[in-house]
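Student: Protein chains in written order, with this note's numbering: chain F, 1 to 596; chain C, 1001 to 1321.
One or more hints might be untrue.
Stated by the list, open to error - No more than 20 Å apart at the CA atoms, straight line, and that leaves these computed lysine to aspartate or glutamate pairs for DMTMM-like: (1) F:413 / F:550; (2) F:114 / F:521; (3) C:1159 / F:306; (4) F:537 / F:306; (5) F:264 / F:585; (6) F:100 / F:86; (7) F:507 / C:1280; (8) F:528 / F:206; (9) F:303 / F:372; (10) F:481 / C:1280; (11) F:224 / F:183; (12) F:252 / C:1174; (13) F:252 / C:1090; (14) F:528 / F:545; (15) F:249 / F:142; (16) F:252 / C:1280; (17) F:249 / C:1130; (18) F:507 / F:521; (19) F:407 / F:550; (20) F:320 / F:306.
As the list claims (entries may be wrong) - If the Cβ cut is set under 10 Å, some of the chain C residues that face chain F in the computed set are: (21) 1040; (22) 1045; (23) 1095; (24) 1169.
Keep in mind the hints are simulated off the structure, nothing from the lab. Every residue gets a Cβ at the ideal spot worked out from N, C-alpha and C, and that includes glycine.
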Amino acid sequence: MIDYSKRFFSASGLVGCLLLAFVVITLSSCGRQNSGNGKAVTAMDSTLVIAMLGDADYLNPVLGSSVTSSNIIGLIYPSLLQSEFDTDTGLLNYIALEKKLRQPTSREAKKTPKGAVAKSWTMSADHKTLTYILRNDVFWNDGKPVVSGDFKFTYTLYGNPVIASARQQYLAELAGADKGRVDFDKAIETPNDTTLVFRFYKPVPEHLALFHTSLTPLPAHRWKNVKPAEFRNSPLNIQPLGAGPYQLKGWKQQQELVLGSSPKSNLPKPGNIPLITFRVVPDYTVRLTQLQTGAVDVVENIKPEDFTALVKANRQLEIKTVGLRVYDYVGWSNIDQGEYHKSGKVIPHPLFGSSRVRLALTHAIDREAIIDGYLKQYGVVCNTDVSPSLKWAYNDRIAPHAFDPAKATAMLKAEGWLPGADGILQKQGKRFSFVLYTNSGNARRNYASVVIQQNLRSIGIDCKLDVQESNVFFENLHQRKLDAWLAGWAIGLEIDPLDVWGSDLNKSRFNFTGYQNPRVDQLCDLAKQKMYPLGAKPYWLEYQDILHRDQPVTFLYWMQETQGFSKRIEGEELNIAGSFYNIDDWRLRPSANIAQ
Amino acid sequence: MLRYILKRLLIAIPLIFGVLTLTFFIIRLAPGDPAAFFIQPGISPNVAEQIRAQYGLNDPLPVQYVKWLASVLQGDFGRSFSRAQQPVVEVIASALPITMTIALLTLVANFTFGILIGIISAVRQNTFLDRFLTVTALFFYSMPEFWFALMMIILFALKLPLFPASGLNEIGAEGFGPVGFVVDRLWHLVLPVTVLSINGAAGIARYVRGSMLEVIRQDYIRTARAKGLPEKLVIFRHALRNALLPVITIMGSSLPFIFSGALFIEVIFAFPGMGRVTVEAIFSRDYPLIIANTFISGSLIVLGNLFADVLYAVADPRIKL
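Pulled out of the complex, with its shape left as it was, chain F reads as follows:
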């Protein structure tokens, strides 16, 4: 029997193996042929491929809220002004065709004014009326001119509660907004096709007025018959009509979105690269692999631990960084949240209520060790939530609180926290023990929380770690249910911290710690009243001194966002304002010229 079966299986096994090998070789060689010559190479030479974590949601500026959507919308639609981040001062500049808010000081300033629909603007002396003069040579892709009416029409959409645009906050200073509803007839006037007038109910600083009135427009002639209730479901959302350097070529949802250079665009010109493909690759390891094999050209947010291997494996790759916009912190509940929920009374938290205790905790945490171990040269110690990149407002006289466990122990002792029988600090019978929560799926925060746990244990504090699913974690945070947590913020380029530190806990929705300091409220108000940002500088310096002293949270580190780029891309300028800041100016080197 064995003889038969041996013969049978050896024969069928051999055939099977040969068949399998044939299939594998045929398929893989087909694939290599495809990517090794002819059409595929031509396609790659004229196509820039960007890997993204998730797909765009809406290609409609009123609705689009994901980062991917914003990047794509910026390439398709016209914009009233060009904005530019000046790395020398940290101030945002606004540019029209014939006017700039201020002369750029930075050598890196390269945004061309030709990208703006506005020719110039004038701000009234009382800072309550802003008048734009528009160009008359800008056209939507269907040939109709871009007119002031398009902007007014789109602003009524931004402000419509049925549409629920995430950008309705931008309309908060327009006439009528103080009475609960923007009066669009009064707030936005269009005396003719090239004049656009915005009226505010209060004096608004010029830079803020420019920021809030330069939201992206939709073509009114195309959208005017769409009812607000059907706005989100309209098929026009997936057929965007723009006027920018690129237009939509194809969109296979959840797979890839292809933009083609728009040949007639004069905002500022048709994009250099013929095709830009945004590919959805949800898994981080796969995004890295694709960057390494050259299947994609740009991958955002590469973890520092992967840099060396990546650049070593493929010399045609480089890591680029943008400014400091993102920081992590350990939040300590300043007030007893349980009591606040129950009776609305604000009493100090039994563990973290005293600023001396919070300061001791900051001294106990080795922030440098976290940076050295994980972020390396891409992280810096964070003192407050004003980024070092915002140079005009940054307080460089503040010295970081040093890692000093002995000092921390002494400070805690002075506050009455003494070691108990089990080695854990105690005060009036209460042990210094708590749970530090963080969200799942963030390797950096996991790393930091373990270091923090060890640091605190060494001075007699029992810190347990708990990782929660992101949705659950953020809901608990918003409902102020957590005593201690590790989270982060990405800051805006305009300083506006009242939402996070304001004393009115009902109004300041993101003041998760319950921190209250009337002087901070006052400083924020004073700064807002200044019509020119530099006038607010003294207030922001004092603000940082206060946060540094009070330690409402332990600020951990600022991190540079790090992006992986193929060297075949030329002319890219990365900026704190975004990685795809001047993507219409990028060029691709033909593959024949790339050194192997």
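Based on these hints, arrange chain C on the given structure of chain F.
Tutor: This is chain C only, laid out in the frame that chain F set:
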């Protein structure tokens, strides 16, 4: 048999409906908010409330349930929260064919390789080949699929760049012509289908081996050999047909498992199939999409089981339905 199938299908209706109702309440009771994305600095606090009103989430739970019931009974599963208000049916219609392709290819590969390895192991019981195959099968069977997928990518897309790491087609695949396009698609499917089927095939091989060993020792097999029948005929016509009976049961029930395996595989290989739709729907608390996905997978389980029972009757004349 037709009556039996109809009866089973009729019983399935309240069952699936019960599952959907349970899902409806469980996801709404779970923490997390579909409008959570709009709660962030710089966005007016009204936006989250307006979004919830649009989604109908401000109504009391029983009212939401009645409204949902009314529309589901009319075949309307609503619009997705997280995918730009696309009708849920459309989302599924574009994702299902991709997952079905992977599932069917996997199913075929699973059973072909599983049965083949199982037979070899049984026929060559206790030889080196059998032990080698058994250990290898157990090794793959106990390996987590997501890890195995990543290892395959590192090995066959990075170290030996034979296959692509993700996506359904190359950039510019439309220009390859119809044959080139299909070959390119198949080339992209090799790694994911291998990952999904190796794990499954290993399991099936264990079943087939056990079942074959039992059958091979039966008297009628000895009789067949004594008659002088060729070994091929003995193994395939007499032994295998009987040994496959328990395996058929697995075939029906393995479809939902392949679907759940596809969950991770699709995320890793960036396929826009049902698995990824489900994972993303859960993370973004996209209630209508979660319920519609539950409907699809619930129906698949019921149909898979029914299919197994019917197949059982077809394969074994002793069983009458």
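Student: Hint by hint, say whether it matches the structure.
Tutor: We went through each hint and held it up to the structure:
no., hint, verdict
1, F:413 / F:550, "holds (18 Å)"
2, F:114 / F:521, "violated (41 Å)"
3, C:1159 / F:306, "holds (16 Å)"
4, F:537 / F:306, "violated (39 Å)"
5, F:264 / F:585, "holds (16 Å)"
6, F:100 / F:86, "holds (13 Å)"
7, F:507 / C:1280, "violated (32 Å)"
8, F:528 / F:206, "holds (12 Å)"
9, F:303 / F:372, "holds (14 Å)"
10, F:481 / C:1280, "violated (26 Å)"
11, F:224 / F:183, "holds (19 Å)"
12, F:252 / C:1174, "holds (13 Å)"
13, F:252 / C:1090, "holds (13 Å)"
14, F:528 / F:545, "holds (19 Å)"
15, F:249 / F:142, "holds (15 Å)"
16, F:252 / C:1280, "holds (17 Å)"
17, F:249 / C:1130, "violated (55 Å)"
18, F:507 / F:521, "holds (12 Å)"
19, F:407 / F:550, "holds (17 Å)"
20, F:320 / F:306, "holds (13 Å)"
21, 1040, "holds (8 Å)"
22, 1045, "holds (6 Å)"
23, 1095, "holds (8 Å)"
24, 1169, "holds (9 Å)"
In the structure shown, a violation is registered for the earlier hints numbered 2, 4, 7, 10 and 17, in ascending order.
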